[in-house]
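There are 2 protein chains.
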Amino acid sequence: MSPGSRREPFFRHPAQVVAFAFAAAGAIGTVLLMLPTSRAGEGGAPFVTALFTATSAVCVTGLTVVDTAAYWTVPGQAIILALIQVGGFGIMTLASLIALFLSRRMGLRTRLTAAAETRSVGLGDVRRVLRGVFLITVVVESAIAVVLTLRFRAEYDDTWGTAAWHGLFHAVSAFNNAGFALFSDNLMGFLGDGFVLMPISVAIIIGGLGFPVLMELLRTRQPRTWSLHTRLTLLMTVVLLVGGTAFITLAEWGNPGTLGPFDPLGKLLGGWFHAVQPRTAGFNAWDYGVATDETLLGTIMLMFIGGGSAGTAGGLKVTTFIVLFFVIVAEVRGDDDVIAFDRRIEHRVVRQAITVALLGVAAVIGGTMVLTELTDLPFRDVLFETTSAFATVGLSTGITPKIGDPGQFVLVALMFLGRLGPITLVSALALRERNRRYRYPEGAPLIG
Amino acid sequence: MSPGSRREPFFRHPAQVVAFAFAAAGAIGTVLLMLPTSRAGEGGAPFVTALFTATSAVCVTGLTVVDTAAYWTVPGQAIILALIQVGGFGIMTLASLIALFLSRRMGLRTRLTAAAETRSVGLGDVRRVLRGVFLITVVVESAIAVVLTLRFRAEYDDTWGTAAWHGLFHAVSAFNNAGFALFSDNLMGFLGDGFVLMPISVAIIIGGLGFPVLMELLRTRQPRTWSLHTRLTLLMTVVLLVGGTAFITLAEWGNPGTLGPFDPLGKLLGGWFHAVQPRTAGFNAWDYGVATDETLLGTIMLMFIGGGSAGTAGGLKVTTFIVLFFVIVAEVRGDDDVIAFDRRIEHRVVRQAITVALLGVAAVIGGTMVLTELTDLPFRDVLFETTSAFATVGLSTGITPKIGDPGQFVLVALMFLGRLGPITLVSALALRERNRRYRYPEGAPLIG
Ligand SMILES: [K+]
Ligand SMILES: [K+]
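Protein sequence lines correspond, in order, to chains A and B.
Position 441 (the first sequence) corresponds to 441 in my numbering; numbering is contiguous.
Count along the second sequence from 1, add 1000, and you get the number used in my numbering.
Treat the hints with care, as some may be off.
[What the hints assert, rightly or not] To give a feel for the contact side, a few chain A residues facing chain B, derived at Cβ under 10 Å:
(1) 251
(2) 332
(3) 342
(4) 382
Derived by calculation from the structure, the hints in this document are not laboratory data.
Every residue, glycine too, gets a C-beta built ideally from N, C-alpha and C.
Based on the provided sequences and hints, a complete structural model is requested.
What follows is the structure, encoded as structure tokens:
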């Protein structure tokens, strides 16, 4: 497995590069948002408000403590948009490069680049990934922006200028799974309008599949040749979208505050849109404060699972969970190996998945504990909020502005941890290699 | 690993034996509790009430839909006591025998019996386990019953007869981790009385360690010679008791409805007692309906983890969780093997632990979903209730009687599943042996 490859020109400590880049972008964004020109009201925004908004934007989360439409000026909103774009582009390229770097180092077969025989990641690879992400981003965002602009102009009496600004902002916010919107009630005015909700859904799903999957889909549409990662990601995406839509549509079917007033097709559209959001875009076309407990609980689970690796989605990633699912399948069938789509998933990957999932649970429970201590808000809403922050979703039952300054710092920490934690954890873990000469004798505690 | 041993005189399908025995005991108990002599009021108890109470007793859970002290006659209470004793003795012996059977079959070293060289479980082993469990049960229950009887007689103006009946009932209920009490407010009259709370705590902890651990502790007090299972169980028990006491004491320190009125020592006693209950006894000396959100959340986690394997405790068992913890440690340290106390935990055990933990999460979430759908009760209380039922704890925020007949069936199913699920699952899994000749090529999806 090429243990002797010592020439890695780009990454030495990939995890550090990523964390530093995001912290720097967040800091710059905070300073810019504190400028008086960014704020619509008098003076500049307070530090905590600017920090929270910049972190939420650069981590493409979308939680807000102020009304994006009313609190910020157009230059302020443009800063938010730039932070979203930098954050989304950054996480997509860096995560892809880390995956590429690790697969080379591990000697794993990869289809990410044509030059699969070279063993180290060179500048050529970096250029190829940057160009690929850039092209996909520009193409998808432009197409969605055009569709949205036409719709806003045609149906909502916007001027061409306003329609174009709204179209661009929401296309970028959707593709990067950010969930920021330029309306005071997010997208609640558009529940029932498929010409707004569907393009946004499409942008969210494409961004959330992740760069490695997109590249493979662009290269070939022969499912037989897809890598295990692509198959698992697509399978889980379809399962969660279909299952989520059915569940949420049924849970809100008769709720007068959400889907109640709509005809069956409108209900299905609304259910679909809110099944897309937890993976992990965070727009809302209804008020989650009046959604049913079933919807909130189902949404919490969908948010925690999240989207695809090395894309703009957050959460613990679909592959993490489907690997654990196949562990159960192997266990129940009595197989020695964990098998998925005729591929053996090795213990290393299984252990990474366990580690990421359990530490994710710990982060969400820990954050919930601290916020429960800091505030008197209902447990259900706090759990929803911390999951939303950690999975960088941005959905809220409406408690974000009530959570107080210390609570906002907790959410900032969760957003940062959720955005960078899993990827840096896995890369750090995968780079560690420690072979013990001596194997301890076996012990077998009773389980269950 | 002795594949040819075909002489298992006692167990052919251990999981079926256990499930059948518990269902039968529950059915008999239901019929007996429906008799008019069992009920204090007019007529016999309704079917659902009898079924719920009998299941709760035989699964040693302790959830109640009626006031045990007022609703049932002394003969009715004696039936409940008998069901608790049958259930506790049954699960302890059957789980121990299954563990013994599996360890023999797997060729693992075991210290449960002296005759470690024989490979199949014979009648001699069965007799040895039955006698061991019987002796431990009688000795612990008698000792605790005497202490409680003296205290009830001395301090609470009971007659000798009442004191003895109360002493016996609560000793049996404690050792078997059942949580049933003969006072309308459970043990709320005894918050602050260490002479009642401490003996009960001791009985709970001993019963919850599990028979294999108790046997090993009785055989030798040389920690060096303890099995990995015993070390892990003791470590987790101490960690959870100390950590749980600190957490709950602090969370309730100033709560006027719970620890507020007591001096620091009384607060510590109350915190300790309610840190013991989630593992998984289910007595309460305060009203969980007025406990803080922190306490409820912490208690949910403790309940889910539960106690030791092959004892009277419920939950997913402490070893299940500490194995997952050591997986994270191994992953973070970059070790190839999962190591605990200089023993290598093999992948088979790790996969069992993942399977049990994830299916447990699925059961609790599923139950919570259904109950949320069936009732309008707060999410927090429903999650507490389903965890309590599944982990056979019996703590409640007070919603059990309000949950309705369909909801009671859900809780009955959760209690049964929680009592028998993990153990039968693991035994069924461990008995499957399927070696594939052909190994699939490796695939490595991205994680996180
Ligand atoms: K988001
Ligand atoms: K119990």
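Right, here's what the structure says about each hint:
1. 251: For residue 251(A), the interface hint holds, since the closest Cβ of chain B sits about 8 Å away, which is under 10 Å.
2. 332: Since the shortest Cβ distance to chain B is 7 Å, the answer is holds.
3. 342: Result: holds, 5 Å to nearest chain B Cβ.
4. 382: Hint on residue 382(A): holds, closest Cβ of chain B at ~8 Å, below 10 Å.
The structure is consistent with each of the numbered hints, conforming to all of them.
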